[in-house]
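Undergrad: Spelled out from the first residue to the last, the chains are:
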Amino acid sequence: MKLKTSLGRLTILELEQYWSFPVFEIVLFTALLAIQNVASTRINSYVRDGGLIYLILITATIVSRSFAGSIGRREIKTLLSYPIKRWEILLAKFITNLLIVFGILAFVVFLNIPLLGLDLFNIEIYILIAILFIQLFYLCTIATTISAVVKNEALSIFVFIFLLFGLEFSLGPSEAPYKYFTLFKGNEVMFGYITFLLRPPQSPFGFVEPPFTFQEFTTALGYPLLTSVILLIILLIYFQWIMQID
Amino acid sequence: MEYLIATQGLAKFFGNVPALRSLNLHVPKGISGFIGPNGAGKTTTINILLGLLKPDEGRAYVFGLDSWHDSFKIRKRLGVLHEKPAYPGNFTGQRYLEHVAHIYGISQPKQRAEEVLDEVGLSEAKEKTIKTYSAGMVQRLGLAQALIGNPELVIVDEPTANLDPIGRVEFLEKIRKLHKDREVNFFISTHILPELEKVCEWVSIINDGVIVDQGNMDSLAAKYSASIYRIEVSDPDLFATRLRELKIVEKVWIEGNSVHCKVKSVKEFYGEVPRLAFELNLQLKSLQPLYCTLEEIFKTAVGGKQGEA
Chain A
1 MKLKTSLGRL TILELEQYWS FPVFEIVLFT ALLAIQNVAS TRINSYVRDG
51 GLIYLILITA TIVSRSFAGS IGRREIKTLL SYPIKRWEIL LAKFITNLLI
101 VFGILAFVVF LNIPLLGLDL FNIEIYILIA ILFIQLFYLC TIATTISAVV
151 KNEALSIFVF IFLLFGLEFS LGPSEAPYKY FTLFKGNEVM FGYITFLLRP
201 PQSPFGFVEP PFTFQEFTTA LGYPLLTSVI LLIILLIYFQ WIMQID
Chain B
247 MEYLIATQGL AKFFGNVPAL RSLNLHVPKG ISGFIGPNGA GKTTTINILL
297 GLLKPDEGRA YVFGLDSWHD SFKIRKRLGV LHEKPAYPGN FTGQRYLEHV
347 AHIYGISQPK QRAEEVLDEV GLSEAKEKTI KTYSAGMVQR LGLAQALIGN
397 PELVIVDEPT ANLDPIGRVE FLEKIRKLHK DREVNFFIST HILPELEKVC
447 EWVSIINDGV IVDQGNMDSL AAKYSASIYR IEVSDPDLFA TRLRELKIVE
497 KVWIEGNSVH CKVKSVKEFY GEVPRLAFEL NLQLKSLQPL YCTLEEIFKT
547 AVGGKQGEA
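Residue numbers (this note's numbering), protein chains in the order written: chain A, 1 to 246; chain B, 247 to 555.
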């Protein structure tokens, strides 16, 4: 019997499981973000205005439920008893979680377009979505790592929130380059730099300095990407060859 | 003899606590029982066989393949029903099994899912969501997902623990039929023994992380029957206390109002029991050798712990 890779099938299985996720809570969460954003003036400001809290909370909930929760509920034992490679389970869960969280946040952003009176073809919307995707990739990698190590749903939510808010509050007021490691500042730098490049403001006095330097931009972009890739590689090695499920 | 499962000096520690200590398990083809009290190390052994846990010492082989390094190859030929299995509640039984069939690389997953659901008697509930299933139905779904890949061996961990007595008998009867009709081998771990002896051909007894005895049912029954006796006396507690002091008696335990014992020398034992009863001024109502049930084999092998006074 020839076995094809199970990654696609596992991802479909994981996605189908989300139909049982508490939809009402997500709608409520979305509505809260939407109301909050009415007061905003720019599309990216919802992150600075407190959307970051929701971003961390929803990532913590979804990833921990999917990963640490499946260990607690013994679902992962059943999956690991099938002829599936361990890394396929890890990646299927990771991809599904990333897609779900990203889908919700993209929905929130698009919900805000009419509320803010923005044009659907406004490039800022798509820049923000791309930045959000990078930041969610970073958050999902950290949340999955914590879930795999802690193996307890509630505890991994707590550890993740504690760690992320700890990083935001401790690195936020610090000097460069550390402050660019935070989601808050990182989002601002990436968004500011890219929008400046795409739409340089016109000035009667000639050249306008960009709001952030190229070095600041690469730091803000490189940190979450590099951290995510390194963590994901470590996670794959750990899950494939080291992790034991009792 | 060709063994489906074999372990050599298997040891596993959780921190400093040993779960398995030099476990030497051998399981041939057929229906085999893996019995032991709670906490004896049954589930840890199964987790090692499935490659979920890495042994600290020794090796475990399934189909002659190393359980940790060749886990993927083993799982292609294996079906598993875990203790208290969990399946996604929002799926229908049919849909979930279709996914599992896809994973096993089956060419017609829908048809195969229907076949196994029919085989375990779950056809009528195939379109119901798993969260609406009773404990017995979940267990049958567990059996269906274990069988879907046409395995050579199915490992079943505590299959009857959540079932009522009728459900237990039905479940084990289903296993017996599957073995008879399709020659599927089963390795059943349990601590609930009475129903198991009706289906098992081979039994391995584990206690405190080691195999205390193993063999086919007939040879074990013969081995233990020869030396187990039930004695009915007017004061079983007093009699048991004094009986333990005799060198010819290996183990003594009380069940109900009877004293049970395993003896080393049958010849001397027949003389000692009436003498002891007379000495203690007790009425000796009966003394009889026991037909050895699996439960009695188990109790004797692990030291009569469950019923020992």
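Simulated from the structure, these hints should not be mistaken for lab results.
Incorrect hints may have been included.
Claimed, not checked - Simulated DEER-style distance windows between Cβ atoms:
no., chain 1, residue 1, chain 2, residue 2, range
1, B, Gly-367, A, Gly-166, 53 to 63 Å
2, B, Gly-351, A, Val-229, 41 to 51 Å
3, A, Ile-245, B, Gly-351, 43 to 53 Å
4, B, Asp-312, A, Gly-222, 49 to 59 Å
5, B, Ser-380, A, Trp-241, 55 to 65 Å
6, A, Ile-245, B, Glu-398, 17 to 27 Å
7, B, Glu-398, A, Ser-170, 48 to 58 Å
8, B, Asn-284, A, Ile-245, 54 to 64 Å
9, B, Asn-284, A, Ile-242, 23 to 33 Å
Said to hold, decoys possible - When the alpha-carbon atoms are kept at most 27 Å apart in a straight line, the in silico BS3-like pairs for lysine-lysine are as follows:
no., chain 1, residue 1, chain 2, residue 2
10, A, Lys-85, B, Lys-322
11, A, Lys-151, B, Lys-372
12, A, Lys-85, B, Lys-531
13, B, Lys-493, B, Lys-444
The beta-carbon is built from N, C-alpha and C at its ideal position, and this holds for glycine as well.
Undergrad: Determine for every hint whether it applies to the structure shown.
TA: Results of checking the hints against the structure:
Between Gly-367 of chain B and Gly-166 of chain A the beta carbon distance is about 54 Å. The supplied range of 53 to 63 Å therefore holds. Look at Gly-351 of chain B against Val-229 of chain A: about 31 Å separates their beta carbons, and that is not inside 41 to 51 Å. Remark: the range hint 43 to 53 Å for Ile-245 of chain A to Gly-351 of chain B is contradicted by a beta-carbon distance near 23 Å. Hint check: Asp-312 of chain B to Gly-222 of chain A, Cβ distance near 42 Å, so the stated range 49 to 59 Å is violated.
Between Ser-380 of chain B and Trp-241 of chain A the Cβ separation comes to about 39 Å, which falls outside the hinted range of 55 to 65 Å. Against the hinted window of 17 to 27 Å, the Cβ-Cβ separation of Ile-245 of chain A and Glu-398 of chain B comes to about 23 Å, which satisfies the hint. For Glu-398 of chain B and Ser-170 of chain A, the Cβ-Cβ distance of about 56 Å falls inside the hinted range of 48 to 58 Å, so the restraint holds. As the Cβ distance of Asn-284 of chain B to Ile-245 of chain A is approximately 20 Å, the hint placing it in 54 to 64 Å is violated.
The hinted window of 23 to 33 Å between Asn-284 of chain B and Ile-242 of chain A holds, with their beta carbons roughly 29 Å apart. Between Lys-85 of chain A and Lys-322 of chain B, the direct Cα distance comes to roughly 11 Å. Compliance with the 27 Å bound is thereby established for this hinted pair. For the hint linking Lys-151 of chain A to Lys-372 of chain B, the alpha-carbon distance of about 32 Å lies beyond 27 Å, and the restraint is violated. For the hint linking Lys-85 of chain A to Lys-531 of chain B, the alpha-carbon distance of about 64 Å lies beyond 27 Å, and the restraint is violated.
As the CA atoms of Lys-493 of chain B and Lys-444 of chain B are separated by approximately 35 Å, the hinted pair breaks the 27 Å bound.
The earlier numbered hints that this structure contradicts are 2, 3, 4, 5, 8, 11, 12, 13.
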